[in-house]
Amino acid sequence: MTMLQHAILVLLLPLASAAVIALLLRRAGGAAAFVSTATATAIAMIAVILAVHGDRFEAAMEWLRLGGFRLTLGIKFDDLAALMLCIVGVVGLCVHVFSLGYMKEDGAKARYFGGLSIFMFSMIGIVLADNLFMIFIFWELVGFSSWVLINHFHEKQSASEAAKKAFIVNRVGDFGFLLGIIMCWWVNGTVNFSALAHAHAFSTAIPLLLFCGAVGKSAQLPLQVWLPDAMEGPTPVSALIHAATMVAAGIFMLCRIEPLMVPEALNVILWVGAATALYAALCAITQRDIKKVLAYSTLSQLGYMVAAFGLGSIATEHEGKAVLVAAGVGAAMFHLTTHAFFKALLFLGSGSVIHGCHHEQDIFKMGGLRKKMPLTFVTFTIGVFAIAGLPFITAGFYSKDAILHLAQEKNTAVFAILVFTAVLTSFYMFRMWKLVFLGTPRSDEAAHAHEGGPSLTLPLVVLAILSLVGGYTTHEGTGLIYGDRFKGVLSLIPHAEGWSVVAMSLGILAVGAGAALLLYKSGPVDSLAARLPAVFLGLHLVKESFDTAYNYYVAKIQQRFALLLGALDDILIAGVIVRGCATVAELFGLGARALHTGSLHTYVWWFLGGAAALWAFAAGWFH
Amino acid sequence: MPITLLQTLAATNDWRSIAPEIFLGCLGLALLGLEMLLPKKEHGVIPFAAILGQGGLLIAVLAGFHHAADGPAMKTFGGLIQHDRIGEMFRVFFLITAVLVSVLGAVALAKQRMPKTEFFAIVSVVTAAMMLLVQSNHFVMLFVALETVTVGFYILVSYTRTNPLSLEAGLKYLITGALSSGLLLFGIVLLYGVGGLNGLKGTSDSAMNFGALQNFLAQNPDNFLAAAGIVLVLAGVAFKIGAVPFQIWVPDVYQGAPTPVTAFLAVGSKAAGFAVLLTLAQVFSAYAPLVTSVLGVMAAATILFGNLAALSQGNVKRLIGLSGVSHAGYLLLGVIATLHGQVLAQGAVIFYLFGYLLASFAVFGVMTHLAGEDDADQRREHYAGLGRTHPFLAVVLAIGLGSLAGIPPLAGFMGKLLVFIVAFKARLYWLLAVAVVGVVLSIYYYFSWIREAFFEEPNDPGATRQPARTPVGLIPGLVLTLLAAASVLLGFYQGGLAGIIGLR
Numbered sequence: 001m002t003m004l005q006h007a008i009l010v011l012l013l014p015l016a017s018a019a020v021i022a023l024l025l026r027r028a029g030g031a032a033a034f035v036s037t038a039t040a041t042a043i044a045m046i047a048v049i050l051a052v053h054g055d056r057f058e059a060a061m062e063w064l065r066l067g068g069f070r071l072t073l074g075i076k077f078d079d080l081a082a083l084m085l086c087i088v089g090v091v092g093l094c095v096h097v098f099s100l101g102y103m104k105e106d107g108a109k110a111r112y113f114g115g116l117s118i119f120m121f122s123m124i125g126i127v128l129a130d131n132l133f134m135i136f137i138f139w140e141l142v143g144f145s146s147w148v149l150i151n152h153f154h155e156k157q158s159a160s161e162a163a164k165k166a167f168i169v170n171r172v173g174d175f176g177f178l179l180g181i182i183m184c185w186w187v188n189g190t191v192n193f194s195a196l197a198h199a200h201a202f203s204t205a206i207p208l209l210l211f212c213g214a215v216g217k218s219a220q221l222p223l224q225v226w227l228p229d230a231m232e233g234p235t236p237v238s239a240l241i242h243a244a245t246m247v248a249a250g251i252f253m254l255c256r257i258e259p260l261m262v263p264e265a266l267n268v269i270l271w272v273g274a275a276t277a278l279y280a281a282l283c284a285i286t287q288r289d290i291k292k293v294l295a296y297s298t299l300s301q302l303g304y305m306v307a308a309f310g311l312g313s314i315a316t317e318h319e320g321k322a323v324l325v326a327a328g329v330g331a332a333m334f335h336l337t338t339h340a341f342f343k344a345l346l347f348l349g350s351g352s353v354i355h356g357c358h359h360e361q362d363i364f365k366m367g368g369l370r371k372k373m374p375l376t377f378v379t380f381t382i383g384v385f386a387i388a389g390l391p392f393i394t395a396g397f398y399s400k401d402a403i404l405h406l407a408q409e410k411n412t413a414v415f416a417i418l419v420f421t422a423v424l425t426s427f428y429m430f431r432m433w434k435l436v437f438l439g440t441p442r443s444d445e446a447a448h449a450h451e452g453g454p455s456l457t458l459p460l461v462v463l464a465i466l467s468l469v470g471g472y473t474t475h476e477g478t479g480l481i482y483g484d485r486f487k488g489v490l491s492l493i494p495h496a497e498g499w500s501v502v503a504m505s506l507g508i509l510a511v512g513a514g515a516a517l518l519l520y521k522s523g524p525v526d527s528l529a530a531r532l533p534a535v536f537l538g539l540h541l542v543k544e545s546f547d548t549a550y551n552y553y554v555a556k557i558q559q560r561f562a563l564l565l566g567a568l569d570d571i572l573i574a575g576v577i578v579r580g581c582a583t584v585a586e587l588f589g590l591g592a593r594a595l596h597t598g599s600l601h602t603y604v605w606w607f608l609g610g611a612a613a614l615w616a617f618a619a620g621w622f623h
Numbered sequence: 001m002p003i004t005l006l007q008t009l010a011a012t013n014d015w016r017s018i019a020p021e022i023f024l025g026c027l028g029l030a031l032l033g034l035e036m037l038l039p040k041k042e043h044g045v046i047p048f049a050a051i052l053g054q055g056g057l058l059i060a061v062l063a064g065f066h067h068a069a070d071g072p073a074m075k076t077f078g079g080l081i082q083h084d085r086i087g088e089m090f091r092v093f094f095l096i097t098a099v100l101v102s103v104l105g106a107v108a109l110a111k112q113r114m115p116k117t118e119f120f121a122i123v124s125v126v127t128a129a130m131m132l133l134v135q136s137n138h139f140v141m142l143f144v145a146l147e148t149v150t151v152g153f154y155i156l157v158s159y160t161r162t163n164p165l166s167l168e169a170g171l172k173y174l175i176t177g178a179l180s181s182g183l184l185l186f187g188i189v190l191l192y193g194v195g196g197l198n199g200l201k202g203t204s205d206s207a208m209n210f211g212a213l214q215n216f217l218a219q220n221p222d223n224f225l226a227a228a229g230i231v232l233v234l235a236g237v238a239f240k241i242g243a244v245p246f247q248i249w250v251p252d253v254y255q256g257a258p259t260p261v262t263a264f265l266a267v268g269s270k271a272a273g274f275a276v277l278l279t280l281a282q283v284f285s286a287y288a289p290l291v292t293s294v295l296g297v298m299a300a301a302t303i304l305f306g307n308l309a310a311l312s313q314g315n316v317k318r319l320i321g322l323s324g325v326s327h328a329g330y331l332l333l334g335v336i337a338t339l340h341g342q343v344l345a346q347g348a349v350i351f352y353l354f355g356y357l358l359a360s361f362a363v364f365g366v367m368t369h370l371a372g373e374d375d376a377d378q379r380r381e382h383y384a385g386l387g388r389t390h391p392f393l394a395v396v397l398a399i400g401l402g403s404l405a406g407i408p409p410l411a412g413f414m415g416k417l418l419v420f421i422v423a424f425k426a427r428l429y430w431l432l433a434v435a436v437v438g439v440v441l442s443i444y445y446y447f448s449w450i451r452e453a454f455f456e457e458p459n460d461p462g463a464t465r466q467p468a469r470t471p472v473g474l475i476p477g478l479v480l481t482l483l484a485a486a487s488v489l490l491g492f493y494q495g496g497l498a499g500i501i502g503l504r
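Chains as they are written, first to last, in this note's numbering: chain A, 1 to 623; chain B, 1 to 504.
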């Protein structure tokens with residue numbers, strides 16, 4: 001098989017799996033789980049084969065042609081796609097295996113695993129797409145699969161509302177995205193990525209409109225509201241879709257359209273990312289739900305990546321010539337990769353904790369799980385250190401430092417924000433870590449916690465190892481686990497020189513972790529609220545501000561406008577226009593029918609009249 | 001007359017080129033011969049023989065289609081007949097129509113105490129005449145072929161002569177048909193006369209020949225007599241296609257005629273009219289402003305009148321007749337677009353006609369099976385409960401009506417779409433607006449028919465007694481299945497047919 005056929009196979013396999021599950025295995029949950037997991041295994045294997053084989057290619061076929069308008073479907077498999085495909089494949093496999101244990105007792109396993117397969121199909125479609133239009137199709141499909149999976153426990157009011165919210169908020173971003181695609185096609189005459197790389201027409205509007213899509217999908221300010229609510233879905237789904245892959249699709253898409261970027265647009269992107277990073281980190285501090293903490297942490301890290309992308313290129317010398325290196329792309333993709341590993345690890349770890357504690361999610365009712373769940377504790381600790389950036393041994397250190405280094409070079413204000421965010425990150429992560437694992441159990445559930453089976457622990461180990469070794473890369477773009485297969489992306493990573501970075505990282509870690517460990521007591525109440533109520537209230541208000549504003553808008557403005565439109569529809573459209581037109585047409589119809597008298601005399605007169613009218617036409621009376 | 005002219009004429013009498021028409025004529029005679037020779041109880045084979053003969057000819061024509069159609073256009077019989085791609089396609093069209101009419105005729109005539117043989121013989125002859133009509137290149141040929149068709153229809157319309165409505169319909173068709181023939185003949189004479197007048201440029205002693213006439217008209221683009229001739233010829237053709245104001249005969253005749261004949265009129269006769277109109281539009285192209293304005297007014301009036309009058313019809317034969325009037329209006333849009341130089345317009349019209357053929361015969365097929373002894377009395381109430389008692393017929397009906405209404409993804413939708421696209425390209429915005437209004441109106445009556453079949457129950461058995469429904473035989477069932485399937489398939493994939501028609 002050629003590599004192109006491999007790529008088509010990897011795209012269509014999950015679709016086939018979803019079709020088989022939907023058509024044949026709706027009532028056979030076990031078989032559906034098997035089919036879906038086997039598919040995920042095959043995807044991971046083919047993804048690695050494709051990456052290792054080293055072949056990079058593009059292929060397209062025409063789908064639709066209307067005059068000068070051509071729509072093509074194609075595959076663009078470069079180093080960027082290869083890297084993303086491997087992440088999706090490996091994390092996807094881990095999540096599938098984890099789900100086997102986690103969703104064992106679920107009543108609707110077939111729907112769940114079918115949804116996972118649909119998601120894998122749509123996500124791989126985004127990764128392999130060679131043009132914006134195709135990305136948009138799969139963009140909507142991931143939105144749909146995300147809706148299905150958040151809505152999994154649809155008996156719960158909150159879950160179905162969260163699913164709806166995620167879908168609708170994404171629609172807002174997608175509207176801008178679609179406008180951007182249309183405008184891009186209008187201006188450049190193509191939406192193909194390779195053709196756009198040589199585009200000559202630049203405008204600020206196109207990249208910013210396209211960025212709207214990323215704002216929705218990657219939950220940046222001000223559309224971040226859906227992601228914390230999306231935690232209503234099953235925890236493995238949160239790990240796969242709402243931490244590692246789908247929400248990162250926005251950053252992946254930005255990297256694809258990097259040639260279209262202009263400085264003004266990059267500046268906007270930079271500030272949106274930095275603001276999201278800081279805002280979400282502040283919100284994370286006051287959360288009680290283990291998954292909500294991780295959700296805000298994901299928001300914050302996504303803001304990091306967007307900001308990294310927004311920092312843009314740096315000029316370096318290469319063989320005596322000044323060249324621009326798209327360091328923003330390198331840093332963003334690098335952090336996306338390591339984040340996918342450690343955030344999936346943290347989410348699956350939290351899933352293991354929730355599973356062990358019989359679906360208790362409040363961290364103040366946990367505690368002392370270190371002894372009850374040792375393997376989860378060790379791997380989760382690795383995850384916490386990775387996100388906090390423990391120097392040398394964790395992957396998060398390298399990727400975060402690449403971003404901080406780049407910020408230091410390009411923009412001091414953003415650098416300060418990102419450093420402060422990093423301090424907050426280690427603060428809230430160690431807060432959670434201490435409350436969950438240290439101390440003594442504070443509830444019956446935590447006291448009777450237990451480690452899950454191998455399907456729950458094995459993915460944790462794999463992801464923990466990846467979170468440790470995923471950061472080793474060189475200036476040339478080779479890496480410990482990456483080999484030299486992703487040079488096109490990894491060689492763009494900006495590398496910091498000297499010990500100042502290490503010192504800074506250690507400082508960040510020490511301040512954040514130290515403050516958290518000192519401040520929080522392993523008790524059932526929030527120590528911050530007890531000791532510094534003003535700060536706690538302030539943070540709480542910050543978090544609530546967006547929800548309040550949106551609720552106000554929906555309840556007071558949108559709802560009333562909808563009522564008004566509804567009334568207009570009833571009176572004007574249904575009443576006057578539809579009924580009125582029907583009556584008029586009916587009257588005319590009766591009139592027309594009456595003309596058919598059945599009498600031959602009348603008909604002859606008709607013919608005579610017709611002939612006379614035609615004669616008049618010929619004589620030019622009507623000209 | 002010089003002997004050399006006769007010799008050249010004789011040399012161009014290529015009888016092989018009209019072999020299909022000759023075969024059909026002979027088939028008609030052979031069927032009559034069979035009736036004489038066979039004992040009366042064996043007469044059941046005659047419909048089969050007719051269908052077999054027409055179907056075999058259809059296959060033969062299809063087999064030789066590319067050979068005949070891909071060659072250069074050829075004139076035979078001293079320029080009376082022109083053989084080209086479009087003529088070849090209409091040959092196929094009319095042969096399909098003939099087979100379908102014969103199948104329906106076999107079903108419908110079984111219910112009547114009527115001689116059963118002549119029907120198939122006349123259908124064969126009329127089909128041959130239609131095929132000659134669309135290939136004619138000369139007004140004499142055109143008129144003779146047209147009269148052969150019309151005379152055949154006089155007999156067919158009043159075929160069930162025990163039914164007074166059928167007889168009345170025949171009489172009305174005879175009188176209005178004679179009137180329209182008169183108008184047509186008057187127009188032809190005017191054109192011939194002015195085309196041979198001394199003192200004008202480009203005159204010819206054979207101005208009935210389309211080529212010579214076109215040449216003459218091009219050199220005299222504002223001659224009043226020529227313009228009068230043109231509009232009168234158009235009036236004659238408008239009778240055939242049922243365009244306002246020459247549509248007035250349609251409801252009465254459609255209702256009175258036996259259902260298979262109604263189908264033949266609605267599809268075959270109308271398609272013949274449009275084929276002639278497509279040819280004449282080219283001949284009259286020098287008078288394009290006049291022709292487009294006449295046809296434009298006709299199209300708008302036809303669409304609106306057909307749809308509005310159909311709204312309140314309870315008799316489905318009248319309903320389908322009036323809806324057919326509106327279809328003629330949509331098709332006129334395509335014809336007008338050809339006059340605006342839209343190269344795809346001819347293809348669009350032909351595609352529309354094929355979609356219309358499939359959908360109409362699906363509906364007429366169902367109607368034939370539902371008709372009682374009184375063929376003229378077919379009301380919408382008779383369809384109540386069809387979905388429950390005869391799901392097969394109901395589904396075929398729904399597909400046929402959906403296609404006529406232009407619901408995607410059926411063939412009728414693609415046909416409308418193509419015609420509307422060429423009309424849009426020709427900038428016929430006002431006509432398009434009228435057409436869209438017409439389509440919206442048509443959905444109302446098509447869907448109330450479908451609703452009757454699927455969602456209504458026969459409420460009071462005594463009040464509207466439904467006639468006994470004919471059980472669906474093997475061949476009609478197969479034919480109806482094919483028609484419905486083709487309507488769906490052609491909506492999804494137009495590649496093959498579109499390629500042959502020349503749409504791409």
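Careful: at least some of the hints might be erroneous.
[To be verified] Covered by chain A, according to a simulated footprint, are these stretches of chain B (three or more residues, beta-carbon under 8 Å):
(1) 176 to 183
(2) 225 to 232
(3) 247 to 254
(4) 290 to 296
(5) 300 to 312
[Said to hold, decoys possible] Taking beta-carbon pairs under 10 Å as the criterion, some of the chain A residues facing chain B (in silico):
(6) Phe167
(7) Gly452
(8) Gly580
(9) Glu586
(10) Arg593
(11) Gly610
(12) Phe617
(13) Ala618
(14) Ala619
Read the hints as simulated data drawn from the structure, not as lab findings.
Think of the CB as a built atom: it goes at the ideal place given N, C-alpha and C, for glycine as much as any other residue.
Comparing the hints with the structure gives:
Proximity of the region 176 to 183 of chain B to chain A, defined as three or more residues with a beta carbon under 8 Å from a beta carbon of that chain, is established by the 4 residues found. Coverage of the region 225 to 232 of chain B by chain A holds in this model, with 5 residues showing a Cβ closer than 8 Å to a Cβ of that chain against a need of three. Beta-carbon proximity to chain A at under 8 Å applies to 4 residues in the region 247 to 254 of chain B; the threshold of 3 is reached and the given coverage holds. Figure legend: the region 290 to 296 of chain B, annotated as covered by chain A; annotation consistent (3 residues with Cβ-Cβ distances under 8 Å, at least 3 required).
Counting residues of the region 300 to 312 of chain B whose beta carbon lies closer than 8 Å to any beta carbon of chain A gives 6, which reaches the threshold of three, so the coverage claim holds. Checking Phe167(A) against chain B: minimum C-beta separation of about 27 Å lies over 10 Å; hint violated. The closest approach between the C-beta of Gly452(A) and any C-beta of chain B is roughly 50 Å, which is over the 10 Å cut-off, so the hint fails. Contact between Gly580(A) and chain B, as hinted, is not supported at the beta carbon level, the nearest pair being about 14 Å apart and thus beyond 10 Å.
Interface restraint check: Glu586(A) against chain B, minimum CB-CB distance 6 Å, threshold 10 Å, status holds. Checking Arg593(A) against chain B: minimum C-beta separation of about 5 Å stays under 10 Å; hint holds. At about 4 Å, the closest approach between the beta carbon of Gly610(A) and any beta carbon in chain B falls short of 10 Å, and the interface hint on this residue holds. Annotation: Phe617(A) was flagged as interfacial toward chain B, and the flag holds, the nearest CB pair being 5 Å apart, inside 10 Å.
For Ala618(A), the interface hint holds, since its Cβ comes within 10 Å of a Cβ in chain B; the closest pair sits about 4 Å apart. Against a cut-off of 10 Å between C-beta atoms, the interface hint on Ala619(A) holds, since the closest Cβ of chain B lies about 7 Å away.
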